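2 protein chains.
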Amino acid sequence: MDFLDELRTLREQVSFKESFSLPEKYSNVVIAGMGGSGIAGKIFQELYSRKPLLSLDDYHVPEYVDSNTVFISMSYSGNTEEVISSTSEALERGASVFAVTSGGKLENIVDNAIKIPPGLQPRSSLGYMLMPLLNSFTPPDESSINRTRELLEELDNSNEEMKVEAEKINRRELIPVVYGSSPFRAVAYRWRTQFNENAKVLSSSHYFPELDHNEIVALKETYHRKRFIFYSLEGTGEQRNNARIGATEQVTGLEINRILPKGVSDLERIFYLIHYGDYLTYHLAKLRGIDPTDVSTIEKMKKLL
Amino acid sequence: MDFLDELRTLREQVSFKESFSLPEKYSNVVIAGMGGSGIAGKIFQELYSRKPLLSLDDYHVPEYVDSNTVFISMSYSGNTEEVISSTSEALERGASVFAVTSGGKLENIVDNAIKIPPGLQPRSSLGYMLMPLLNSFTPPDESSINRTRELLEELDNSNEEMKVEAEKINRRELIPVVYGSSPFRAVAYRWRTQFNENAKVLSSSHYFPELDHNEIVALKETYHRKRFIFYSLEGTGEQRNNARIGATEQVTGLEINRILPKGVSDLERIFYLIHYGDYLTYHLAKLRGIDPTDVSTIEKMKKLL
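Sequence lines, in order, name chains W and A.
Position 126, counted from 1, in the first sequence is what the working numbering calls 127; the numbers after and before it change by one each time, with no gaps.
Position 5, counted from 1, in the second sequence is what the working numbering calls 6; the numbers after and before it change by one each time, with no gaps.
Incorrect hints may have been included.
[Said to hold, decoys possible] Chain A regions said to be covered by chain W (calculated; three or more residues, Cβ under 8 Å):
no. : segment
1   : 131-138
2   : 196-205
3   : 213-225
4   : 235-249
The hints are simulated quantities; they were obtained by calculation from the structure and are not laboratory data.
The structure presented is a predicted model; accordingly, all values stated were derived computationally and were not measured.
Glycine is no exception: its CB is placed at the ideal position from the N, C-alpha and C atoms.
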């Protein structure tokens, strides 16, 4: 599938209705996943705070994981070694284990696995990965899903603005630095990783208000100040975090490009911002003459290990 | 106090004996703190996994915070607005609230506050902040504390290696990218923020194995590849994460400077790596002709808000 076709499947993905049969009682949640499969858990972590939730991106589970834990394994391929390792541990501990995968080993070791369509890049399956989490813990209403589809379709049909932005980055060979704030911290991280995987450009991310306690000090005097470009995804959590964007600009004399999320609910806004970043990094790849789907470096690394 | 004198207090700080009188029963832990005061909670999070633990660096507490929560507020000044906000919420929810502070409002709103000496930069008080957490939840043995003091003293007396490294960075005006892996992910973040606050240089951080799922793709073809310098703090968790350092070098053709932690216990290794980064960034500041203690940007920002 062409990468643009992949991107266009996102609007279908938000209508994915599968959910987990959660146990009646549980006291904490762990969502395991790496890279493009792990981002769903990182995003969901900011939307759910009824119980302690850990987004796990390493080989081993914390000591507290036991029969009171809901453990959800996310791996598009179903063969990610870190996820297989942590999932095996969770099963041994007696946790309630669920999975989202297109196949692989994961399907064999987890009984309650939601199957999603194969053939996509893991990072293009975000809807399939995120919707089961939302459907299970905090079901979105149908109108919000419909509006999300419309917003995504709008972006599919008209992403000129993102192309112009990508041209600006490419003309001056800028390193993108992306700032988020609650509940879009993980979306800033997603942008960073899409700059990496699609456009093959290094990128950094951080979030308000934390960055005002450290990174802000470097913004005025760092080496190569003109070689960075700054983005800020305006949050809908604490409003003082948005006031911080302007104040950070004022104190450092730097321009921070504000990306305003469209949409009424956080669901809409998250998918809108995600897709904005998808197109920005897609266009940047094209301008650089780089294949956005090529992640052979990751494959080579896996073989070496 | 001169910044070097501040750095030299760290070896005294590790002998700080205060601890919290934790309740007999609690089901989760939240440690609130920003920037130089928040890093202790981020480091501790990797050392403790008996119960769910959240390192909170925003204004509001999660929904689950209640009387079963141990809530620890860390603010060197005692006046950090995000921490005052979250601590007030935790008190309203009936959590068991503790604090570490040198004074300020926090001392007035939290009964169980451990007082630490004033007059330091918040980021230079890491020992005073981290030890009460360790003493309360996972008391280190005296021999490990003694060895930590010795290691820190060694670095205080001989940090030529870090100066040479700083000269390399400054001569070529390199942007440092710091990789950690469990249990030193937060130490990589600490290095990043010390590059920011001490040397006024932008920096990025990430961690194994996650970076092998995204950032690795950018390392070969990014803009300005030669303008970055890469460090990796060798971890003591999953050994495959260390194998990943070499494999990442091989696949990308980049050199990643490995920093090997000295010490027998993770306590020693963490403080060793922290102090290594302290000196590296201190020397870089000096070479740039920059005052490492100057964080007036943060002060200006606070006034603007």
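Cut-off 8 Å, C-beta pairs, minimum 3 residues; does the coverage of the segment 213-225 of chain A by chain W stand? Check passed, 13 qualifying residues.
Taking a Cβ-to-Cβ distance below 8 Å as contact, does the segment 131-138 of chain A have at least three residues touching chain W? violated (count 0)
Within the segment 196-205 of chain A, is the number of residues with a Cβ closer than 8 Å to a Cβ of chain W three or more? It holds: at least three residues are needed, and the segment 196-205 of chain A offers 9 whose Cβ sits within less than 8 Å of chain W.
Given as covered by chain W, does the segment 235-249 of chain A meet the bar of three residues or more with CB within less than 8 Å? This one holds; 8 residues, not fewer than the three required, reach chain W with a Cβ under 8 Å.
Hint compliance for this structure: hint 1 alone is broken.
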